[in-house]
Structure formats: C-alpha cells, structure tokens
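Listed below, chain by chain, are the residues.
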Amino acid sequence: MSRQASGLRAWALQRISAAYLGLYLIYMLGHLSFNAPESFEAWRTYVADPGVSIGMLLFVVALLIHAWVGIRDVLIDYVHPIMARVTLLSLFAIGFVGCGLWFAKAIFLASVAA
Amino acid sequence: MKFFVYRYNPDVDTAPHMQEYDVEVTRGMMLRDALMEIKRQDESFAFRHSCGEGVCGSDAVNANGKNMLGCTTPVVELKEPVNVRPLPGRPVIRDLVVDMSQFYQQYRAVKPYLIHKDPLPEQEILQSPEDRDKLDGLYECIMCGCCSTSCPSFWWNPDKFHGPQALLQAWRFLADSRDQATEERLDDLEGPYKLFRCHTIMNCVESCPKSLNPTKAIGKIKELMLKHSI
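Chains as they are written, first to last, in our numbering: chain A, 3 to 116; chain B, 1294 to 1523.
Because the hints were derived from the structure by calculation, they are not lab data. Warning: the hint list may mix true and false statements.
[Stated by the list, open to error] Listing some non-contacts, in silico: residues in chain B with all C-beta distances to chain A over 10 Å:
id, residue
1, ASN1302
2, MET1322
3, HIS1342
4, VAL1375
5, SER1421
6, PRO1422
7, PRO1445
8, TRP1449
9, GLU1476
10, LYS1487
11, ASN1506
[Stated by the list, open to error] Incomplete in silico selection of chain B near chain A, CB under 7 Å:
id, residue
12, TYR1299
13, PRO1381
14, MET1518
[To be verified] Covered stretches of chain A, going by a simulated chain B footprint (3 or more residues, C-beta under 8 Å):
id, region
15, 40 to 46
16, 73 to 82
Keep in mind that this is a model prediction, so the values were computed, not measured. We put the CB at the ideal spot given by N, CA and C, even for glycine.
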C-alpha cells in the first residue's frame, strides 16, 4: 500500500478529462451557435434527451475531476501547513460534490418534466 | 556600463542591498569578465566561477531577471543597467554565492548512474548507434542549476520535487539501453511530488544555457510511466 497521494493517476485523469472537456465545449458552442433552442421549454426538451443528459453529466464529472486535480496541485504547491491544507482540500471536495449533485438534480428534473 | 549587483554578507549586513558599479566594456567582454572587473574594484564582492567557457557550470547568476551563465553571456546582449542577483530561491551564503545542497540532493536521489543487473561483460557493454543517439540532449547537462532555480515548482517544494535538472538526468538513465532498473526508477518517481510537481511551465527550457529541454524529458518519463502502468 502506498501512503502517498497519487501522481500518475491524477495526471492521467486530468489529461483525459481535459480531452473530453475540450471536445464537448467545441460541440456545445457549435450547437448553441447554429441550433440554439428558441425557448426554455425547447431547451428543457433538448436536455431531457438521454444522449444529451448523459453527455452533460459526463461533462460535469470530467469538469469536477479536472478541477479537483487542479486545485489539489495548487494547494500542494502553495499551502504547506498540513491542517490548513487538509481543511482547504475538504472544503473544495465538499463543494465539488455539492456542485455535482446540484447539476445532476437539474438534469434529472429536466428529464422528469419533459 | 552600469551594474547593480546584489550584495549581502550575513556576518555584517542586516539586509541585502543592490550596489552600483561602473565597468568599462571591452571587446568580447562576457558577464563573468564584468564580475571579475567588479571584484577588482571591490575585493569584498564574492561570486563563483571557474572554467570561463560554459563547461563547469559554476557561474550561473540571475541577470536582468533571467538565469544564465556569466561566462557565455556577452555583456552587450544585456540591457543597461544590468541587475545581477544570485540564483532565485536558494539560500544566499554571500553576495552571488548560494547554497546548492538541495539541488545536489535531488540529483543524487534519481540515482544518476547505470544500474546493470546482469553479470558485467568482460569488455564494455555495447550499444547501437541508434540507442546512443537517444542520450543526445540529455548527457550534456553541466549542472549549473539555471533550470531548477528558475522553476516555480522547485521554489515551492525544493525538498520534495526533484526539479528539472534531476528529472532530465532521471530520463537520461531511463533512456539508456544499458540500464536495467527501469521499473525501480519509475516506482521511485511515483507520487505527487518528485515528478508530478512539474506543471510544464517551461522556465527550465528557456533558461538552459546548453539549450537542453528538461520539459520534454519529463514528458517522456510520464509517457513511459503510463506505458508501464497499463
């Protein structure tokens, strides 16, 4: 058992999530530029499509993983007192999980309403 | 030519200060020559230098905000007034002389020597010209410290992050066809600090007086690590 935080895995996850984020953002910007929904209802129907909602959920998961590795790197670089680092890491972890759940709820509600 | 040189003698001074010197520029004058001229004007000034031709790596300094070798930098290429400071992030012993112990510790930590497990052959271990070519751009490092002391990741964690110089050498031995400790070397580099504090800032590439590319070497290590893990 290794007592260390991960190095290779964190780095690989950050790279992979970056690739998904980049491709998804290009797709989303393209979609919204050429095929923007007319109304909130149309937007909700669009999001309720299983392909779209899964794609969005994956986007949020990738975003949160990417952000987690990034913020962990910043805290490891700059915050050296161990208790301060643990506190900040915990706050960010809780915040990120909260963001993820909130987003999942929004997508779920859109699917239910549609 | 006007020079502002960082002066600090911990035995006498409470705080460091920049001192002004005027140096008459001669043809072909290098920064090291200018520092020697300053030393002639003011004997109390201390800096390291030896070979004078970019081989020993002793006279790395920070001039106008960039790390460079005094002996290979023509003064005419520097903007006046020239601000000369010690290598950033290192404890100052006196004036431009800094304590490089941590830098050498990190170098030692990557086991910068061939590890060969098979019984050694009678003669030298042979290597194809292609395999030998893989060491170009790696073995030329003179350990002046310009790269590691310009790396923000090394500034923040010099005790845990190997730094670009040591990682370039780690790759030099990983890339060597005669070395047989690839797995151990890769295992030693795992964790968030030793290798993965590198955020490809690339100050190392910019400052290397030998035009080597530690960032590329670090990328190769990560690639090899990934290959060996899946």
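Going through the hints against the structure:
Residue placement check: B:ASN1302 keeps its beta carbon more than 10 Å from all beta carbons of chain A (closest about 30 Å). B:MET1322, annotated as away from the interface, keeps every beta carbon of chain A farther than 10 Å; the closest lies near 40 Å. Non-interface status of B:HIS1342 relative to chain A is upheld: no Cβ of that chain comes within 10 Å, the nearest being about 33 Å off. Consistency note on B:VAL1375: stated as away from chain A, and its beta-carbon is indeed over 10 Å from all of that chain's, at 31 Å minimum.
For B:SER1421, the condition that its CB be more than 10 Å from all CB atoms of chain A holds, with the nearest at approximately 30 Å. Distance check for B:PRO1422 against chain A: the nearest CB is about 32 Å away, which clears 10 Å, and the non-interface claim stands. For B:PRO1445, the condition that its CB be more than 10 Å from all CB atoms of chain A is violated, with the nearest at approximately 8 Å. Separation of B:TRP1449 from chain A is inadequate, the least Cβ-Cβ distance of about 5 Å not exceeding the 10 Å criterion.
Residue placement check: B:GLU1476 keeps its beta carbon more than 10 Å from all beta carbons of chain A (closest about 14 Å). With a least CB separation of 8 Å from chain A, B:LYS1487 falls inside the 10 Å interface cut-off, contrary to its annotation. Distance check for B:ASN1506 against chain A: the nearest CB is about 19 Å away, which clears 10 Å, and the non-interface claim stands. Here the hint on B:TYR1299 is broken, as its CB sits about 26 Å from the closest CB of chain A, past 7 Å.
The interface hint given for B:PRO1381 is broken, as the beta carbon of that residue sits about 16 Å from the closest beta carbon of chain A, more than 7 Å. The interface hint given for B:MET1518 holds, since its Cβ lies 5 Å from the closest Cβ of chain A, which is under the 7 Å cut-off. Residue count for the region 40 to 46 of chain A with a Cβ under 8 Å from a Cβ of chain B: 0. That is fewer than the three needed, and the coverage hint is violated. For the region 73 to 82 of chain A, the stated coverage by chain B holds: 5 residues have a C-beta nearer than 8 Å to a C-beta of that chain, and at least 3 were required.
Of the numbered hints given earlier, the model fails hints 7, 8, 10, 12, 13, 15; all others are met.
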